[in-house]
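**Q** Residues per chain are reported as follows:
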Amino acid sequence: MLKVDNLSYAYSDKYLFENLGFHLDIKTIIKISGSNGSGKSTFLKNIAGILKNYEGNIYFKDENIKDMSFPNIFYTGHRNGFKNNLTIKENLNNDLRARDLNLNNVKKYFSSFGCDISFSSLLGNYSEGQKKKVLLSLLAASQADLYVLDEPFSNLDAKGIDYLNNVFEKKINDGSSIIFTSHENQGQKFKEINIDDYKNE
Amino acid sequence: MNNISKRVFMKELVSYKKRSSTYLSPIVFFLITLSLYPLALSNDPNDLALLAPGITWICVLLSTLLSIQNIFNEDYEDGSLDIFFSLRSTTLSLVLIKILVNWIFSSLPIIILSSTVVFLLFLPPESLTILLISLLLGTPVISLFGALAGALSLGKSSILGPAIVLPLSLPVLILGTASVSSFLNGEDPTFYFLLLLAIFIFLLPLICYACIGALRLHYE
Amino acid sequence: MSKILKKFITFYHKLGSYPWFYKFSGIAIPYVAFISLIPLFIGLGWGIFYSPTDYKQGDVYRIIYMHVPAASVSQSIYYTMTIAAIVSMIWRMKMAGIFIKSMAPIGASFTFLALISGSIWGQPTWGTWWIWDARLTSTLVLFIFYIAIISLYSSFSEKKSADQAVSILTLVGAVNLPIIKKSVDWWNTLHQPSSIKLTESSTISLEMLYPLLLSIIGFYLIVLLSGLMAMRAEIAKREINKEWFKSL
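Protein chains in written order, with the numbering used here: chain E, 1 to 201; chain P, 1001 to 1220; chain F, 2001 to 2248.
Because the hints were derived from the structure by calculation, they are not lab data. All residues carry an ideal CB built from backbone N, CA and C; glycine is no exception. Among the hints, erroneous ones may be present.
To be verified - Cβ pair distances, simulated, as ranges:
{"id": "1", "chain 1": "P", "residue 1": "L1100", "chain 2": "F", "residue 2": "Y2012", "range": "57 to 65 Å"}
{"id": "2", "chain 1": "P", "residue 1": "P1205", "chain 2": "E", "residue 2": "D196", "range": "20 to 28 Å"}
{"id": "3", "chain 1": "P", "residue 1": "L1041", "chain 2": "E", "residue 2": "N155", "range": "51 to 59 Å"}
{"id": "4", "chain 1": "E", "residue 1": "D196", "chain 2": "P", "residue 2": "L1108", "range": "29 to 37 Å"}
{"id": "5", "chain 1": "E", "residue 1": "S121", "chain 2": "P", "residue 2": "L1108", "range": "28 to 36 Å"}
{"id": "6", "chain 1": "F", "residue 1": "E2158", "chain 2": "P", "residue 2": "T1129", "range": "46 to 54 Å"}
{"id": "7", "chain 1": "E", "residue 1": "H78", "chain 2": "F", "residue 2": "Q2123", "range": "57 to 65 Å"}
{"id": "8", "chain 1": "P", "residue 1": "P1109", "chain 2": "F", "residue 2": "P2019", "range": "38 to 46 Å"}
{"id": "9", "chain 1": "F", "residue 1": "D2054", "chain 2": "P", "residue 2": "T1129", "range": "47 to 55 Å"}
{"id": "10", "chain 1": "E", "residue 1": "N6", "chain 2": "F", "residue 2": "L2005", "range": "30 to 38 Å"}
{"id": "11", "chain 1": "P", "residue 1": "P1124", "chain 2": "F", "residue 2": "Q2123", "range": "49 to 57 Å"}
{"id": "12", "chain 1": "E", "residue 1": "S121", "chain 2": "F", "residue 2": "I2150", "range": "45 to 53 Å"}
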């Protein structure tokens, strides 16, 4: 599904990580861990195509991802393009990632995440945790081959974390793969890659 | 491809509609600067009529600049650009759509509003059409330069925008005002219109690709 | 032929290497400094003290020994920056970015000198410090362009991105400068038509022309000298933490 081959990324002539390589199979989850500033988010941005000036290669479905257009990859980052002055409905309807989004579906996930908010109110009225749940509901309702998620577990309450684990399971059963970053400890549930191991000091 | 372009377009439309300041502040700015000239120069109708094309053009230029130089900033800060790049669509469509929507919401109202210079600055009414055509042909070029300045100085609101846009806009300003004054002198302004159009057609691909390059630089 | 080409290519590759350039410029700077001073002193000294007085303008015309060379280099520097911008964008040569960054302030200074010396010349000759004619206006625009290029550096934290952004702006400017020049040509000019024509016989006397040519050469060499020094300084600034620099 996803093959990362000898990936290195330098910022200001200083390498964040070097010769990073792994293979992500279909229906699997990989967790990227590492200390603050180790380049976890940068690495996800390399995969997502936001930062393209990396060395090495990334293959998605045996094709070099650099030359691909519209691979079915769902990316969430630290910032998600949600606009505070739009309503939740407008934000979801106009989200560029959501193809054929069914709003009723999203609504269902809202309550599953323990999030009781109205579609027609402005996004800016809600807390970071609630915004996170909006984003994760969008994620749950979407269909992508690969999910590239930057810190999906942060800012979530216990119920949210619980349900996100459910969503992960469901996505895997649907045939997707997930790669995500986290600095929290989820136990031994996921295959883990520590980006600090690819530092060359 | 078309699907994503359409989504980008719809999102732009919705966010412009929701943020009234994006189209109201250029209008206010335009009217205020326009009214400064009679106060500062002269209220004599004959003097003003002579200066009207130039004054209008300067006011339109400045208000267009005001609205366009930050077109990429919000998308950069809230991560919309990240999401867009993650789709690996062509950035050209994004740049074109953003410039187009900005022009519709910010420049078009000002162009329509500039009809009022017939009353405010005593522009001879018969030359109004010429002024409007010159504005319609000239403002897209200014939008292009403004977008480039915005892409280069992304994430910073600096004096850089005007420093880049204003010198580049000199030809547009000269040709735009020259078209009206030539008409008032009884000449045919078509020559100037064609030149304005030629400048736009020549610069459109060039500036768009420069914009894409400049945007990408902030993602390295 | 292929030998020359090969030599050129190795030279080009060497040019792109920081240590080589740093070493080379260190050797070259004293020579260039010495060589540039000769035509500059002779040209300016001859022009100011020994060349004949102009029968129309009197002694004030002698400012052309400053003004004309400054105006000439101010444009040439932009042309060289344009070439560097193309090189930097196509081949991503780092040295081209350093070249643009180093030359922009030099270009701005000489453009400023041309503007100032022009208006000092204009006041006694034409009775005005400034006039909105084509040449003055486009020189002013050129000056603004240099300033915009210099100020663009501040909006990037990453040096490589800043170099690329400045290359884009330099190129857009280069494409637009002729359009701007053409469009500001609408006004009639008070300015004298250019007195030096390299191909035709000159309209100024030879006693005036020789020192002028010498000072133009001197100015170009001074630009070369300051360019080399600025680039050397810029390399030092960027590479201060590198092994090769520390081992010097």
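**Q** Failing hints, ascending?
**A** 1, 2, 4, 8, 11
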